[in-house]
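Since chain H is already given, all that's left is putting chain V on it; use the hints.
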Amino acid sequence: MKEHTLILLLFLVISIAIMGLFLVIFQSSKIENETGMQNPKKKRFFFFIILASILLVLLSITIPKSPYFQYADNSPAKVVYIAAQQYVFLSSFQAITLDNINTEAIEVPANEVIEFRVTSLDVNHGFAIYNDKAELVTQTQAMPGYINKLRWKFTEPGKYNILCLEFCGGGHSFMRSSFTVK
Amino acid sequence: MASISLKRITSTWIITVMVLFVIAILFGITMRFNQGKLIQISPTSFYSIMTVHGLTMIGIWSVAGLAAIHYLLSRYLSIPTSISVFAFIFTVLGVVMLWSSAFIGEFHAGWTFLYPLPFKVAWKSWATPLFLSGLAVLGVAWLVWSVGILYQILKKYTITQTLGWQHFSTNPSIETPPLILISTVSLIGIIVCLLSAVVLLVLFFAEYFSNGAYSNDPLLMKNITYFFGHTIANETLYLGLASLYELMPEISKKPKFKTTWYVALAWNCTLVFILTAFFHHLYMDFVQPLGFQMIGQLASYFASLPAAAVTAFSVAVLVYKNQIRWSLSNILFFLGVMGWIIGGIGALIDATISNNIILHNTLWVPAHFHTYNAMGNVLFSLAFFVWVANDFSDLPVDSGIPKFIISLLVLGGFGFVLMFYLGGAMSIPRRFALYPPEFNNLSWLATLGGWFAVVYLISILFIFFTILKKCLKVFSAS
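Protein chains in written order, with this note's numbering: chain H, 849 to 1030; chain V, 102 to 579.
No wet-lab data here; the hints were simulated from the structure.
Each hint should be verified, as a subset may be incorrect.
As the list claims (entries may be wrong) - List of simulated lysine-lysine pairs, DSSO-like, C-alpha gap at most 30 Å:
1) Lys891/H to Lys354/V
2) Lys422/V to Lys890/H
3) Lys257/V to Lys355/V
4) Lys889/H to Lys357/V
5) Lys357/V to Lys574/V
6) Lys890/H to Lys359/V
7) Lys355/V to Lys878/H
8) Lys913/H to Lys850/H
9) Lys355/V to Lys889/H
10) Lys878/H to Lys354/V
11) Lys354/V to Lys890/H
12) Lys878/H to Lys891/H
13) Lys926/H to Lys981/H
14) Lys570/V to Lys504/V
15) Lys422/V to Lys891/H
16) Lys357/V to Lys878/H
17) Lys138/V to Lys221/V
18) Lys890/H to Lys357/V
19) Lys878/H to Lys889/H
20) Lys891/H to Lys355/V
21) Lys913/H to Lys1030/H
22) Lys354/V to Lys574/V
23) Lys891/H to Lys357/V
24) Lys850/H to Lys138/V
25) Lys890/H to Lys355/V
26) Lys981/H to Lys138/V
27) Lys422/V to Lys889/H
28) Lys878/H to Lys359/V
29) Lys357/V to Lys422/V
30) Lys359/V to Lys891/H
31) Lys138/V to Lys1007/H
32) Lys221/V to Lys997/H
33) Lys1007/H to Lys1030/H
34) Lys354/V to Lys422/V
35) Lys850/H to Lys1007/H
36) Lys850/H to Lys981/H
37) Lys504/V to Lys878/H
38) Lys889/H to Lys354/V
39) Lys889/H to Lys359/V
40) Lys422/V to Lys878/H
Chain H with its partners taken away, still in its complex shape (with noise of 0.2 Å):
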């Protein structure tokens, strides 16, 4: 299963059990007899205790998961220098800079580690990539000024898009390019 439906599907399951929960809790407001809640105390403790542990938990899972470690010891095969400006973005194997502005078809081998170097021309974009079912695979900001370093690692051959995921004006939602991974 895909992780964007993976999560989609723990969100809604957390959400239906805490709207059933709050469900019983407001049903149990229409009793005769009151005896409110045994114990509160010892309750509010432990669930205060399985709180904490769960989110103790989860940032020990996913932390050493952060793009910013992942692929860090390997040497990109590829590095892919992109520069966004409204409503383009630029793309080469080689630096790209208001003084050298370049752009040419990119293509980059799969199941090596490309690192995309990302920065902007003019005003704040993003560069988020996609495969070609539309599934958003990863992505950086491109900010003027600054360099971002992505890298990832491309296991399915094919034609991926790019789409600007940082509103920068009213072209925003036309900014788009495209690459290939063979």
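Using the frame of chain H, we list chain V on its own:
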């Protein structure tokens, strides 16, 4: 005991907030119907509406929260009504300036107005300084109001008492009412983030007037922008909770909530964590120092735990197996806690860095913040509005749950946000006037979301008309 002048200015705030809320919802529906291709507006109009929609929503619920605590704190303190009147006049002025910059000047840099976008002028050249000046006017108004309220609190309580620190000892000398504790925590946060907005605006104006001699650092500007935006959105929610702690037991005819050591600890933790959680907005800026990214996830996780867990548990203890006299106001508080917690789960998922890489700036983001706002914070403020409207007039107090209104509210609200969650999980980008070709087949999600918002709007109109007559009554009272 609230004075007649306090009642009148509070009533004025409520009517203004409700009118602007209805208009801002209509803006939202317009955007969803455009994405669903049910109507067609230009991208410029879409983004002008988007800019106004975001700022208006954050703004009106901030002032609603401030108006609520101003009113409720009058039970414990004397706060001059004049600062609320001052804030109202300047708020109206600020809103007119912002709306003019967007609808006449075509300014459309979004509520985030991320540097340097406001300077890449694609609108009338006067719209940028008018927009920034409008924000400055609002900032001054709310800063004066917040500082004024906090000053009055500190005239009665010491700073440690307002934060409830004496509750950490076995025999506290004085009890800090939860309203004082939560209002103080929220006001400190609001004042700090408004001061950061002042810094942000000064930096914008410094570059604007330097004629190219000075330019700002985009990463620093982004950090300040999100510190301001994230913090004010969350503190606004906490203002709503201050009303809940004060009113929900009272309306339910149960003993008042008390500040205990764990309630004090929870809100002190919230004060610290919420000021650093904003880093999660910059996860996808890999040049941000790694430590800040880690703090972002840690603070996001633990900002949610204390306040949410303590509040949810306290509400559960209040209601569970206790006979409650349900009315529109306390059912709104109850549902608001549920919506806030569900929105918080959505936020927590997004604040996890390894998830954020596939959720950042997709529709998952408006999904979670609309959940804890439209189905959380808004309901807290509406609960206060309903309760205070009864306080304004001698008209009969409504009792029981208006099932029709609540059904529309729940169906419309959760249906509306569900379409966002589905869109986010399907990787649809946010802030797109039109969906890109690969998502054309999913534009029905936007249309259906818009229709759910219409249902939500109908319930809001019912609530508005329920309280309007009582709110107007206060102007004819002597």
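Now for the hints, and whether the structure bears them out:
{"no.": "1", "hint": "Lys891/H to Lys354/V", "result": "holds (24 Å)"}
{"no.": "2", "hint": "Lys422/V to Lys890/H", "result": "holds (17 Å)"}
{"no.": "3", "hint": "Lys257/V to Lys355/V", "result": "holds (27 Å)"}
{"no.": "4", "hint": "Lys889/H to Lys357/V", "result": "holds (17 Å)"}
{"no.": "5", "hint": "Lys357/V to Lys574/V", "result": "holds (29 Å)"}
{"no.": "6", "hint": "Lys890/H to Lys359/V", "result": "holds (18 Å)"}
{"no.": "7", "hint": "Lys355/V to Lys878/H", "result": "holds (15 Å)"}
{"no.": "8", "hint": "Lys913/H to Lys850/H", "result": "holds (16 Å)"}
{"no.": "9", "hint": "Lys355/V to Lys889/H", "result": "holds (18 Å)"}
{"no.": "10", "hint": "Lys878/H to Lys354/V", "result": "holds (14 Å)"}
{"no.": "11", "hint": "Lys354/V to Lys890/H", "result": "holds (25 Å)"}
{"no.": "12", "hint": "Lys878/H to Lys891/H", "result": "holds (22 Å)"}
{"no.": "13", "hint": "Lys926/H to Lys981/H", "result": "holds (24 Å)"}
{"no.": "14", "hint": "Lys570/V to Lys504/V", "result": "holds (21 Å)"}
{"no.": "15", "hint": "Lys422/V to Lys891/H", "result": "holds (15 Å)"}
{"no.": "16", "hint": "Lys357/V to Lys878/H", "result": "holds (20 Å)"}
{"no.": "17", "hint": "Lys138/V to Lys221/V", "result": "holds (29 Å)"}
{"no.": "18", "hint": "Lys890/H to Lys357/V", "result": "holds (21 Å)"}
{"no.": "19", "hint": "Lys878/H to Lys889/H", "result": "holds (23 Å)"}
{"no.": "20", "hint": "Lys891/H to Lys355/V", "result": "holds (20 Å)"}
{"no.": "21", "hint": "Lys913/H to Lys1030/H", "result": "holds (26 Å)"}
{"no.": "22", "hint": "Lys354/V to Lys574/V", "result": "holds (26 Å)"}
{"no.": "23", "hint": "Lys891/H to Lys357/V", "result": "holds (20 Å)"}
{"no.": "24", "hint": "Lys850/H to Lys138/V", "result": "holds (29 Å)"}
{"no.": "25", "hint": "Lys890/H to Lys355/V", "result": "holds (21 Å)"}
{"no.": "26", "hint": "Lys981/H to Lys138/V", "result": "holds (22 Å)"}
{"no.": "27", "hint": "Lys422/V to Lys889/H", "result": "holds (16 Å)"}
{"no.": "28", "hint": "Lys878/H to Lys359/V", "result": "holds (24 Å)"}
{"no.": "29", "hint": "Lys357/V to Lys422/V", "result": "holds (17 Å)"}
{"no.": "30", "hint": "Lys359/V to Lys891/H", "result": "holds (18 Å)"}
{"no.": "31", "hint": "Lys138/V to Lys1007/H", "result": "holds (27 Å)"}
{"no.": "32", "hint": "Lys221/V to Lys997/H", "result": "holds (26 Å)"}
{"no.": "33", "hint": "Lys1007/H to Lys1030/H", "result": "holds (9 Å)"}
{"no.": "34", "hint": "Lys354/V to Lys422/V", "result": "holds (14 Å)"}
{"no.": "35", "hint": "Lys850/H to Lys1007/H", "result": "holds (19 Å)"}
{"no.": "36", "hint": "Lys850/H to Lys981/H", "result": "holds (12 Å)"}
{"no.": "37", "hint": "Lys504/V to Lys878/H", "result": "holds (16 Å)"}
{"no.": "38", "hint": "Lys889/H to Lys354/V", "result": "holds (22 Å)"}
{"no.": "39", "hint": "Lys889/H to Lys359/V", "result": "holds (14 Å)"}
{"no.": "40", "hint": "Lys422/V to Lys878/H", "result": "holds (8 Å)"}
In this structure, none of the earlier numbered hints is contradicted; all agree with it.
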